[in-house]
Amino acid sequence: AAGVIQSPRHLIKEKRETATLKCYPIPRHDTVYWYQQGPGQDPQFLISFYEKMQSDKGSIPDRFSAQQFSDYHSELNMSSLELGDSALYFCASSLGPPIEREKETQYFGPGTRLLVL
Amino acid sequence: TQLLEQSPQFLSIQEGENLTVYCNSSSVFSSLQWYRQEPGEGPVLLVTVVTGGEVKKLKRLTFQFGDARKDSSLHITAAQPGDTGLYLCAGGGGYGGSQGNLIFGKGTKLSVKP
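So the sequence lines, in the order shown, correspond to chains A and B.
So the first sequence is numbered by our numbering: it starts at 1 and just counts up by one.
So the second sequence is numbered by our numbering: it starts at 1 and just counts up by one.
Read the hints as simulated data drawn from the structure, not as lab findings.
The beta-carbon is built from N, C-alpha and C at its ideal position, and this holds for glycine as well.
Treat the hints with care, as some may be off.
[Stated by the list, open to error] Facing chain A, according to a computed beta carbon distance under 8 Å, are these residues of chain B, among others:
1. V28
2. S31
3. E38
4. G40
5. V49
6. G82
7. L88
8. G105
9. K106
[Stated by the list, open to error] Label pairs and their computed distance ranges (CB to CB):
10. B:S27 <-> A:M53: 43 to 53 Å
11. A:E75 <-> B:A78: 23 to 33 Å
12. B:F10 <-> A:Q54: 15 to 25 Å
13. B:I13 <-> A:R63: 35 to 45 Å
14. B:T20 <-> A:Q41: 21 to 31 Å
[Claimed, not checked] Derived SDA-like pairs (lysine to any residue); straight-line CA-CA distance at most 20 Å:
15. A:K15 <-> A:Q54
16. B:K56 <-> A:T105
17. B:K106 <-> A:Q54
18. B:K106 <-> A:G38
19. A:K22 <-> B:G40
20. A:K13 <-> A:H73
21. B:K106 <-> A:A87
22. A:K52 <-> A:A87
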């Protein structure tokens, strides 16, 4: 079965540079979530989109922005990178709006490992 | 304060033993999901429970959602070395105004020795 695709899988950037992470949800999934996972930490929610509109916002820094496109893929744009942004970034997708319990199951991608030097 | 308290944080057992991992909260969740995560990889879904009191079985794994939808447990019978990994519980929907994002527990790192 098709899974969530994330690219790139690994990314190395310098401080103050920008980065763009991409996420392609499972076909027919219209909701996308972004999470950040630091070393030894549990995933922390950043932001989510349903039908190309932002549906919820978590602990996403103002330096980060994201959007969902007409084909439902999403991009997380990160600017003025800091050392503390080094982490695993996961995208997850689900079927249907996030308020329908039966469709809340989120399927995670393999993640993008970002290292800021 | 962690919204979802997962215990134990670490568990080391011998092959063939049984174990239970607990996930507790003071908040009600509309669903609870259990994941298994390998180092450097994305969480892989094991099960979703949505109904209070629901019990789901996945081979040697039994998942239960509390009647009040505030807690859940994962029971593994006759653990095998292949069960070694990080198990995460995550609560979804309807709490504190948030609609769909998951709140994760800190995880249980399980080691099963042959």
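Hint check: A:K15 vs A:Q54, CA-CA at most 20 Å. Holds or violated? violated, 28 Å
Chain A contact restraint on B:E38 - CB to CB distance below 8 Å: violated, 10 Å
Regarding B:T20 and A:Q41, is the given constraint of 21 to 31 Å on their beta-carbon distance met? holds, 24 Å
Grab the minimum C-beta distance from B:G105 to chain A and call the hint holds if it beats 8 Å, violated otherwise. holds, 7 Å
For the hint on B:V49, does the least C-beta distance to chain A fall short of 8 Å? With a minimum Cβ separation of about 10 Å from chain A (threshold 8 Å), the hint on B:V49 is violated.
Does the closest beta carbon of chain A sit nearer than 8 Å to the beta carbon of B:L88? holds, 7 Å
Would you check the hint for B:K106 and A:G38, treating anything up to 20 Å between C-alpha atoms as holding? holds, 12 Å
I want to verify a distance hint. Is the separation of the beta carbons of A:E75 and B:A78 within 23 to 33 Å? violated, 45 Å
Take the C-alpha atoms of A:K22 and B:G40, compute the straight-line distance between them, and say whether it is at most 20 Å. holds, 18 Å
A:K52 and A:A87: Cα distance at most 20 Å? violated, 25 Å
Holds or violated: 43 to 53 Å for the Cβ distance of B:S27 and A:M53? violated, 26 Å
Hint status (Cβ of B:V28 to nearest Cβ of chain A, threshold 8 Å): Nearest chain A Cβ about 12 Å off; hint violated.
Of the numbered hints listed earlier, those contradicted by the structure are 1, 3, 5, 6, 10, 11, 12, 15, 17, 20 and 22.
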